[in-house]
Amino acid sequence: MKSFVISFWKSFWEFLGPKEFYAWQTPLWLSILAWGLSQLTTNPADTTVPVTAHAILTSFSWAFLVIATGWFTTVNPVRLLGQNLGPWITGALLCLFLFGRGDAPMARTALLTWPLISAAIAAFPDFFRVESGFQVPKRLQTRQDLIVLALVNLLLTSWILFGLNIQDWMAEYPGVRGEQFEQSLFVQPSPSRTEDFSRGTSIVEAMRGELVKESVGLTKPQMERWLFDNQRNPQIFSDAVMGLLAQANNGRRLDQKFWRLETIVGEPEYRVTLRAIWRGPRPKTDIDGHVVQSTCQITFGTTNLSQIDCDEEAQVFPAG
Amino acid sequence: MGELQYLVLPLRTFALQGLFLLVAIAIEAFVLHNRLGISKRGGVRYSLTLNLISTLVGWLLFFTVEPFLSNALQLNIMSYIFFNETYQLGSSLPSLTVVGVFLIFSVTFFVESQAMNLLLRMWGTPQQPPKYDSSERKQNRLVRYKSSWTARLRSSALLRANALSYGAIALLLFVLRRTTFL
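Protein sequences, first through last, are from chains A and B.
Letter 271 of the first sequence, counting from 1, is numbered 271 in this note's numbering, and no numbers are missing.
With the second sequence counted from 1, adding 320 to any position gets you this note's numbering.
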């Protein structure tokens with residue numbers, strides 16, 4: 001056991017121990033040193049000064065870590081189809097350092113700038129020589145490669161932007177998530193994905209809440225009158241439900257105009273089926289999209305006042 | 321992480337665009353090599369750069385124009401991207417497709433020919449400045465005629481290359497629409 005620990009430590013130190021000053025291990029150890037020092041300083045929750053020693057040391061630690069990673073991946077390239085992937089790893093770390101502290105918009109910035117920053121890192125050796133400093137590469141081949149590198153990374157940025165656009169669409173039209181994307185030439189759902197009916201479910205729940213609110217305390221004739229009116233003019237009920245939903249979403253109506261709400265009154269007296277039908281973009285436009293429904297039973301006890309009893313779970317019918 | 325389960329990535333976009341780019345680059349490199357006498361390696365280099373530039377211009381146009389489109393068109397684009405199906409477009413679909421394909425083709429050709437001029441100026445062998453010798457004035461005219469002729473040759477080669485690659489991509493799309501393995 002002891003010999004194992006010793007041999008492990010030896011090989012570990014052989015790998016990470018600094019053999020000379022000008023090597024990738026140096027920035028790594030500087031990074032570790034800066035991190036260790038930052039642990040000694042306090043990290044006040046709310047700072048009164050703009051810059052704290054802790055923040056400075058943490059930044060130094062990050063910067064040295066990025067340099068060490070860049071150096072290591074240059075010395076030991078990870079190759080895919082002959083292209084060293086090192087700059088993209090370093091770029092990811094650098095983006096994490098620059099934008100990783102913020103909220104969602106910063107995450108977007110990090111994702112979008114990742115290929116560009118990585119391309120700049122990959123092009124850096126062509127622009128910089130230790131002996132002569134910065135210079136524009138003279139060789140035609142190098143220039144051509146640099147242009148292709150820039151173009152490919154701009155294409156990657158466009159792809160990432162397109163992916164973000166798709167996420168925006170799904171947030172704006174949540175009903176789309178209840179349909180299948182199998183036919184698409186553009187998007188690929190993650191392997192574990194099943195349709196997400198949460199939007200339809202929340203609409204049916206709002207319908208249920210509105211029905212309960214409307215019917216409470218009505219006598220039998222009043223209830224029948226309400227149901228009859230609702231059959232003749234269902235728009236009032238729909239508008240009330242949609243207003244409630246918009247309130248719940250900070251006034252945003254989202255994909256509401258693509259939902260058709262139905263109230264079906266049936267036997268035994270009165271079994272009310274609340275139904276939300278997706279009529280928006282869907283794979284087969286000649287048939288309806290997915291349907292979410294819930295049933296309520298209205299009874300009139302001995303008091304002759306309406307009592308309403310609804311299903312807990314909404315039923316879901318996928319399209320097709 | 322409920323959100324992550326419904327994460328939808330445009331992976332098929334990446335795969336298809338990569339495939340189409342490969343096909344277009346191979347075909348256009350072959351045509352440029354054959355028609356313009358560029359070396360094989362050079363043909364690949366030129367067609368790679370040209371296709372990347374035109375693809376990028378296409379994305380740029382999409383991202384800038386899309387927010388200003390009418391709501392109905394936006395919905396149709398979204399529906400096409402998610403479900404490969406237009407939304408309530410009906411009878412205007414064929415004419416819109418024809419106009420769209422024509423526009424895309426002409427924009428691609430315009431961008432690629434401009435980019436080709438630029439690349440030739442940047443990468444091509446530097447041309448000797450014409451000597452304005454009085455005795456060679458006649459020849460000078462010939463040189464100018466010849467240079468206009470090479471420009472025309474270049475355009476026609478590029479047009480042919482684009483037409484061929486677009487045909488191949490259209491064929492691929494036709495096959496892909498009919499398959500279910502994707």
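Misleading hints may appear alongside valid ones.
[To be verified] Simulated pairs of lysine to any residue, SDA-like, Cα-Cα distance not exceeding 20 Å: (1) K138(A) to A392(B); (2) K257(A) to A392(B); (3) K284(A) to M442(B); (4) K257(A) to I397(B); (5) K257(A) to T406(B); (6) K360(B) to K257(A); (7) K257(A) to Y407(B); (8) K284(A) to L496(B); (9) K284(A) to I397(B); (10) K284(A) to K360(B).
[As the list claims (entries may be wrong)] Looking from chain A toward chain B, a few residues come up when the C-beta cut is under 10 Å (computed): (11) V130; (12) G133; (13) Q144; (14) Q167; (15) W169; (16) T273; (17) I277; (18) P281.
Since the hints were derived computationally from the structure, they do not count as laboratory data.
Here a beta-carbon is modelled for each residue, glycine too, at the ideal position from N, C-alpha and C.
Hints breached by this structure = As far as the earlier hints go, 1, 3, 6, 10, 11, 12, 16, 17 are violated by this structure, in ascending order.
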